[in-house]
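Residue strings, one per chain:
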Amino acid sequence: MPNAMLEMRLYLLQRLTAVLMLPMVIGHLATIMYATRSELTAASILERTQSSPWLVVFYTGFVVLVAIHAPLGLRKIMGEWLRLPSKLANSISFVLFIVFLGLGLRGVWALTGVAIS
Amino acid sequence: MTGFRFNLSYFAFLLHRLSGLALVCFLPFHFLVLGLGLEGEAALNQMLVFTEQPMVKFGEWVLVVLFSLHLLLGLRVLVIEWAPWPHHGGLRSGWVIIAGGLGLALGWLFLDGVLS
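Sequences listed follow chains A and B, in order. Residues in the first sequence are numbered from -15 upward in steps of one, following the working numbering. Residues in the second sequence are numbered from 5 upward in steps of one, following the working numbering.
Pulled out of the complex, with its shape left as it was, chain A reads as follows:
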């Protein structure tokens, strides 16, 4: 049986992360469009990603938000379409949150690390 208070909190968290990510997704799409029109070699990409500490802040924030948002979306799908028990769906979502957060922060560090070291 789903816990009503937990459901409400996770629903609000899902919407809050969505709102916070709106400008970030637009920024990321703009970055993609810019990147396709720029030199695409490892050296040039690293030079751009390590050009400003603000990129570290931007993408660290983006990773944290997406690591929360994506598993919460999957949690709803697991409950509504796969009919998984809520405890199982919660556990899988939590594991995915940890995995996405770890892999995402590792990725950000790999491309921007030098900017803050």
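By construction, these hints were calculated from the structure, which means they are not laboratory data. Given the structure is predicted, the values throughout are model-derived calculations rather than measurements. In this text, a Cβ means the ideal position worked out from N, Cα and C, and glycines have one as well.
Okay, the calculated bits of chain A under chain B, using three or more residues with CB under 8 Å as the criterion:
#1 -4 to 6
#2 84 to 91
Label-pair distances were calculated between CB atoms; the ranges are:
#3 A/E64 / B/N49: 42 to 48 Å
#4 B/S97 / A/I61: 20 to 26 Å
#5 B/L36 / A/E64: 26 to 32 Å
Knowing the structure of chain A, use the given hints to seat chain B on it.
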């Protein structure tokens, strides 16, 4: 038994959910590719050569379109849930048309950058 009846609002919901599902499946691979930076420029360059293949470029185009669709259809959900209700436009099913158009436009912009 009730027959299937096409409903634009349900289509918008389905498109939003399925685009999110596809993006979640892609996410760990995206992060792993970014992590190649830890192995040095050679590993990243090797990946960049791999992404030059037409099928990979097609996959990237699909992802850009799905990313845009998820953004715009997610905005629709936020407006439906949080904007004052009732309001003009109700379920704003027309957003699916706008989202589809803008998604394809951004996809074209991506392809234009890749092919130029």
